[in-house]
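Engineer: Listed here are the chains, written in short residue letters.
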Amino acid sequence: MFALVDGNSFYASCEQVFRPDLIDKPIVVLSNNDGCVVAANRQAKAFGNIMYQPYFKLEKFLKQKDTTVFSSNYELYGDLSHRMHNLLASYAVEQEIYSIDESFLDFSGMRYFDFQDYGQQIKNAVKKQLGLPVAVGVGITKTLAKAANNRAKKLAHLDNVLAISDLSEQEQNKLLAGMPVNDVWGVGSRWTRQLSDLGINTALQLKQVSPSLIRKRFSVVLERTVHELNGVPCQNLELIAPDKKEIVSSRAFSRMINDKHSMQQAVARYIARAAEKLRKQGSCCQQLSVSITTNVFKKNVPQYHNWANTRLITPSHDTGLLIRQGKQCLDRIWKDGFEYKKAFVMLSNISSSKDSVQYDLFSTEKNNPRTQKSDAIMGVMDAINTRMGKGTCRIASEGLRGQTHWQMKRHKHSPRYTTQWKELPVAYLK
Amino acid sequence: MPLPLVGNPVAAGFPSPADDYIEDKLDLNEHLVAHPNATFYVRVSGESMTQAGIQDGDTLIVDRSLNANANDIVIATVNGEFTVKRLVYRRNKPWLQAGNPAYPDIQITEDMDAIIWGVVSSVIHSFR
Chain A
1 MFALVDGNSF YASCEQVFRP DLIDKPIVVL SNNDGCVVAA NRQAKAFGNI MYQPYFKLEK
61 FLKQKDTTVF SSNYELYGDL SHRMHNLLAS YAVEQEIYSI DESFLDFSGM RYFDFQDYGQ
121 QIKNAVKKQL GLPVAVGVGI TKTLAKAANN RAKKLAHLDN VLAISDLSEQ EQNKLLAGMP
181 VNDVWGVGSR WTRQLSDLGI NTALQLKQVS PSLIRKRFSV VLERTVHELN GVPCQNLELI
241 APDKKEIVSS RAFSRMINDK HSMQQAVARY IARAAEKLRK QGSCCQQLSV SITTNVFKKN
301 VPQYHNWANT RLITPSHDTG LLIRQGKQCL DRIWKDGFEY KKAFVMLSNI SSSKDSVQYD
361 LFSTEKNNPR TQKSDAIMGV MDAINTRMGK GTCRIASEGL RGQTHWQMKR HKHSPRYTTQ
421 WKELPVAYLK
Chain B
1 MPLPLVGNPV AAGFPSPADD YIEDKLDLNE HLVAHPNATF YVRVSGESMT QAGIQDGDTL
61 IVDRSLNANA NDIVIATVNG EFTVKRLVYR RNKPWLQAGN PAYPDIQITE DMDAIIWGVV
121 SSVIHSFR
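Protein chains in written order, with the working numbering: chain A, 1 to 430; chain B, 1 to 128.
Extracted from the complex, chain B is given alone in its bound form (with noise of 0.2 Å):
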């Protein structure tokens, strides 16, 4: 929890001439999580997602209280397993494209919501 600066106490010494434009520190939490009850945190297993700026071992930031649109990153569920897709349509009909040109897209045929877990907003990567 990030503690909001408060204005120079100390009695002695000058009192700092930012005081007056003193405002709360930046919240990355509040940068990237609009939801807070409906965002879950998924770390990334496997060969990269480049397209889309994914790769092994990164977080993503799923906002489950988004409804998924053409070209969203979604966390989707494919047999019985969670996988990183792209939903994208083709002659109005939704597919998971895979970031992977090895493993085949998948059209979905069934209930959306059941196999469409969740929106990536936005994916944490480190660099060390």
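So here's chain A without its partners, still in its complex pose (with noise of 0.2 Å):
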């Protein structure tokens, strides 16, 4: 037996728990850069399509609609997904971190167990707890629970918890019928279209069409679906995160760069982000690319795009070797006269620190890039950056904070409540 647990409009849900003056009102959140919306609460969802539209053109309209916009507070997003995560641990076995806001609940060994008691429970810890509302689906397979939360979510009587498991078969039809196709979990557009053609168009059609059709006509992968909505179990749980295979960070300027000084801070910010994540899951890198591009959306301005990549001698994850690495890359493909939309950088061929490195025959103590000295410094400057913040302690060539023209956009930033103390929310004596 499984549960799906996810927050409802999660990033807006979030800015509500320490915005008691925001209850009911409509709230929505902006993706970096404050480009366009990402999150919206029911209240702002039901002025219709807003999701994902930019920005700019939604601003006067949401101001008319006196709605609370915000930027993306990732510290603020990140402390409560991982307080959820912990509280929802406590109530099953095992646990799959799916997304930052979504869990996988193993529930294997619980019998005669009255599971929609159980999630209405989860439901209200997680709310009286962290202040977040979170739908609840439970099923005999991960696809089913996850059929089990959309069906929660969107059949309003259901009040966000349905253990379908609990059902008979004809009830579970029943609701799987009232479910389109593409809602259930791992069918994209494509196949959806392709679904359609046969006369496919709900979950239920789906749980009833031959699992060796499905085979041959589309995918294992779909097959698999199949079999799990007739509840035959296909897919466990994924205990251990599979370690990045490679990671990238790009962003697009708030502002074009047209001098190469500001190119070379960007893309050192940049690594210097990729490299802590790279530290983090105790990895290192021996590939770096780079890669710039112009406005590919103003046709009437002139366009470059252009990417160079290096190899290192032996793996690392020191910033300060990856930055200067990364600056004869972009030393190789920089060109003036363009403008410059945004910068992208890759770290790959990743392996684990630990696996036994073959040293180079004439690398120097001075260019031996894992050498103990390294490790030391980037370990307390992952330190003092966990600890005071993003960005406290860097290497000089990412520029100093504030004096970077290029860099994100977070003009509508909340406090971050719950990870910095002089940001802490404030109660008054009355």
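It is worth saying that the hints were derived from the structure and are not from the lab.
Misleading hints may appear alongside valid ones.
[To be verified] Once the Cα atoms are required to be at most 25 Å apart in a straight line, the calculated DMTMM-like pairs of lysine to aspartate or glutamate come out as:
id, chain 1, residue 1, chain 2, residue 2
1, A, LYS123, B, GLU47
2, A, LYS430, B, ASP63
3, A, LYS127, A, ASP24
4, A, LYS280, A, ASP243
These two chains come separately, so use the hints to put the complex back together.
Structural biologist: As structure tokens, this is what we get:
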């Protein structure tokens, strides 16, 4: 037995936890650079089609509707996500953290349980202890748990909890008949179109189709989905998240860059972020790519795009060394006279730091990237940044805080209520 | 993160006679935070709630997993704002009692969960 628990409008809900004045008011959260709407609570969704729309188009409208707009506050969402996953873990034997706001729980061995009631308890606990609304779906397979979660959210009378496994076959089918096939876990828009050609438009129709036909016409993956809709488990929890095979850091600039110095800073900053992630998963990389590009949507300005990559002699996770390599890449591709919109950095050829490394015969202590000294410095840097906030300690070539005009716009950023002492919520003695 | 004490690793010199009695350092989190997932810190602003020992600028440790009992100090949401109040019962009806006589007490009539945000389990008051 599995459950899928996820946060309702997670980012918007996180913002509401510390803003009692915004209860029942419309809220939206914007993407990086305040580009477009990435989260909206129920009240804001009621305005119609606003999700993923560019903010500049909606700004006036949202103002008229008295909607509170937030820049993404990943410090806050990350902390509340962590708390939520921890809390959920206490309700099950095993847990798979599927995304920032979704957990699969494994209820194996828990028999003769009233899962509908148990789901309700989970929902109430998260609401009370963290102030976050969640939906709970329980099913005999992960696909059915996902489907139950979807129905629990879509059908108002279910009030965000559905243990589909507690129902009779007939009742289960009735619920699946009302579920569009593209809401089934793993069915994308391409498959939805192709399934529609076969007359399969609902989850129930997909459940009742012959699995072997699906394998022939589609893939084993979709065949597995059919089995799982029929209550045959094909997937277990993924308890250990696989290490990333490559780490990408890329972002559009808030303003166009046309000087090399700013671009060097941006590339250095992105490499530093990527290297941080690399160290967090205990890895080293042996390849680094840098690419830069102008704004492809502006047809009337000269366009340029290029990339370069470099291979390290020995794998490394040293920010300083990677930045030096990145600078050389940039030297090879930089051209004056263009308005650059975006830089992209990728670390690849990733291996565990613990794996034995073949040292280069000719390398000296100075350019051997995996000296103890480098590890110690990176360790201190990561520790400082974890405690004092991102980017507190950095390599000089990343540029000074507040003096880099290209960096992320986060004008409507709420306080980091749970991760910075200076930004705690305030209660008034009255 | 406090580091656990490790036995004297230095080979030279006399071993410490206390080596056999090493215990972990005391961790204030352990003492003050029973439910870390549900615990939040809130800063206090405004005139003092002296009966409860809470003063302007103090930091409150708020445990949202606790159920509010009579006489608990709670963080409540009143008129869209966080405030600090004492939960009291009068003739079996719950009231939020203000710490300062200048402000009126408030009777809780609707959903109590919606008004009581969390229970204050400790207050941190620094003298300097």
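Engineer: Evaluate each hint against the coordinates.
Structural biologist: Each hint, compared with the structure:
Between LYS123(A) and GLU47(B) the alpha-carbon distance is near 37 Å, which puts this suggested pair outside the 25 Å criterion. For the given pair, LYS430(A) sits about 21 Å from ASP63(B) by alpha-carbon distance, which is consistent with the 25 Å threshold. Pair hint LYS127(A) plus ASP24(A) holds up; C-alpha atoms about 15 Å apart against a cutoff of 25 Å. Distance hint between LYS280(A) and ASP243(A) is fulfilled; the C-alpha atoms sit about 10 Å from each other, no more than 25 Å.
Checked against the numbered hints above, the structure breaks only hint 1 and satisfies the rest.
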